[in-house]
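Read off the chains here:
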Amino acid sequence: MIFRFWYFIRETFVSLWRNLSLTLAAILTVAISLALVGSSLLIREGADQATAQFQEGVEFIVFMNADALENQNEAIRKVLDTSPAIKEYVYVDKFAAYEEFRELFVDKPELVESVTPEIMPPSYRIVPSDPDADNVTELARQFSEQPGVKEVATATEAIRQIEDFSTRVSQALLVAAIVLVAVSAVLILNTVFTAISGRRTEIEVMKLVGATNWFIRIPFMLEGTIHGLMGAGLAVPALFVVDSKVLAYFQESEAVPLFRGFAVPDGFVWSTSVWILVIGAAIGMIGSAFAVTRYLDV
Amino acid sequence: MIRFETVTKTYKGKVVALREASAEIQRGEFVFLVGPSGSGKSTFIRLINREEVPDTGKILVAGKDVSALSSWKVPYLRRNIGYVFQDYKLLPKKTVIENVAFALEVIGRPRPIIKRQVPAILELVGLSKKADRLPEELSGGEQQRVSIARAFVNRPLILLADEPTGNLDPATSVGIMRLLDRINRSGTTVVMATHDRGIVDTMRRRVIELDRGVLVRDESRGVYE
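In order, the protein sequence lines correspond to chains A and B.
When you line the first sequence up against the working numbering, it's residues 2 to 299, in that order.
When you line the second sequence up against the working numbering, it's residues 5 to 229, in that order.
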């Protein structure tokens, strides 16, 4: 069995080396397509994170100045408690806001260190009785005129912008990625097919001396799987670049509400990487399996 | 050992390669298949190791109907059948010893067995001294000996040879026939398709003649005619 293992490894790598240019083309295509798949997932996750505070019916958020006076806060609370237009609300004080900030940017200690609870804006997350867009806009306008209010962020503006933007970008990336994934599967199929044609005599002899079908197929399928895995291996560092450069750019965007950044936790980047590797291996296996069943008539 | 029961094989539904052929070959026999090109000799051989499946009729090899064999069992059938080609089909980048060992490697034989059997078989075919040569460094006769060594290294019950002397001069052919005769005397059933009148007439073994797919003659100590 150990002997067979080394046989498969040897045969696989000999074949990879023989078709070097095709092998490289297949690996690079897999890498590019999987990098796009991963970026699309990251952007979607980033958008989810950026809009997380607007979940559970929250339609707008009133951010107070960090140094808002207590009577200014009380005035706001009074309106919220009495107005029939307000269904419910949650007050997030500066310490809670700081905690939330720390949680979100747990992977970026330098960012967390740059802020203190004192500078965090306290906020009211508000669920209106009537979530109609015009109604929300009118309520937001009223609150923004109150003293001590820094800014009012409404779901109808910022959130729609972000969601719209991220949906468009990630969908465009996903479409491109799907096309490229198909292209890479075909390229792998072709590479494996070339490997098969280059070894026709060998395969004929193997069949006639009684090698089993799987014994003949396994090196070719391993070859395809390695193409997929190597491509995915190249896509993983690209994901970290997207995370640190591209998403960081969005974080500075004006469209993003104040302290909820357009960011993904490192854990998400890692788990996406694992998925990318799994998808890469699957592309390789499917491409080569198709090649061996189609062209390796055993 | 091999029994054909009214076997018919046509290609693409039109060309008749074999028509209701019946024959029985005993264990340890040496059989020449003769006839003009296209008479069905190769089909006869290819049916035995199930490279082809008959349209009708049965082919029994060692008591088993190979035409009804499920495809995953075919490799195990072929491990008992050696096959020698007219054009040798040696792997050009492997040495003599590697070419022969390859036949055992790909059926998963353990390395100690390979190390014991391969030199022994090279000794038998007289190529021990050229074990590390590449096929292109050998004469045609020597290449065919390597091919025979590869076919016989797993000690098959049956050896099939399709025109094994077709590319060789008469003197070299005699050497190849001596080798096949020796393998036959060790108990292996040999079925050989040939055009070589001289060989058939000299050896005086069983001759089965095919003509346009029909088995027209079967003599136990025949000549080519």
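Treat the hints with caution; some may be incorrect.
[Stated by the list, open to error] Computed from the model, here is a short list of chain B residues facing chain A with C-beta under 8 Å:
no.	residue
1	Arg82
2	Arg83
3	Tyr87
4	Glu109
5	Gly112
6	Pro116
7	Ile117
8	Arg120
9	Leu142
[Unchecked claim] A few chain B residues that don't get close to chain A, going by computed Cβ distances all over 12 Å:
no.	residue
10	Tyr15
11	Lys16
12	Gln30
13	Ser71
14	Lys97
15	Ser132
16	Leu164
17	Asn188
No wet-lab data here; the hints were simulated from the structure.
In this text, a Cβ means the ideal position worked out from N, Cα and C, and glycines have one as well.
Is it correct that the beta-carbon of B/Asn188 has no partner in chain A closer than or equal to 12 Å?
holds, 20 Å
Would you assess whether B/Ser71, listed as outside the interface, keeps its beta-carbon beyond 12 Å of every beta-carbon in chain A?
Correct as stated: the minimum Cβ-Cβ distance to chain A is 18 Å, above 12 Å.
Beyond 12 Å on every Cβ pair: is that true for B/Lys16 relative to chain A?
Holds, because the least Cβ-Cβ distance between B/Lys16 and chain A comes to about 17 Å, which exceeds 12 Å.
Was the hint right that B/Leu142 lines chain A, CB cutoff 8 Å?
violated, 16 Å
Checking a non-interface call: every C-beta of chain A should be farther than 12 Å from the C-beta of B/Ser132. Is that right?
holds, 22 Å
Does the closest beta carbon of chain A sit nearer than 8 Å to the beta carbon of B/Gly112?
Since chain A brings a Cβ to about 6 Å from B/Gly112, closer than 8 Å, the hint holds.
Nearest-CB test (12 Å) between chain A and B/Gln30
holds, 23 Å
Given B/Tyr87 as an interface hint, is its Cβ closer than 8 Å to any Cβ of chain A?
holds, 5 Å
Chain A contact restraint on B/Ile117 - CB to CB distance below 8 Å
violated, 11 Å
Next item in the hint list is B/Arg82. Is there a CB on chain A closer than 8 Å to its CB?
Interface hint status for B/Arg82: holds (4 Å vs cutoff 8 Å).
Would the least Cβ to Cβ distance between B/Leu164 and chain A come out above 12 Å?
violated, 9 Å
Residue hint B/Pro116, partner chain A, criterion CB-CB below 8 Å:
violated, 10 Å
Against the hints set out earlier in the document, violations occur for numbers 6, 7, 8, 9, 14 and 16.
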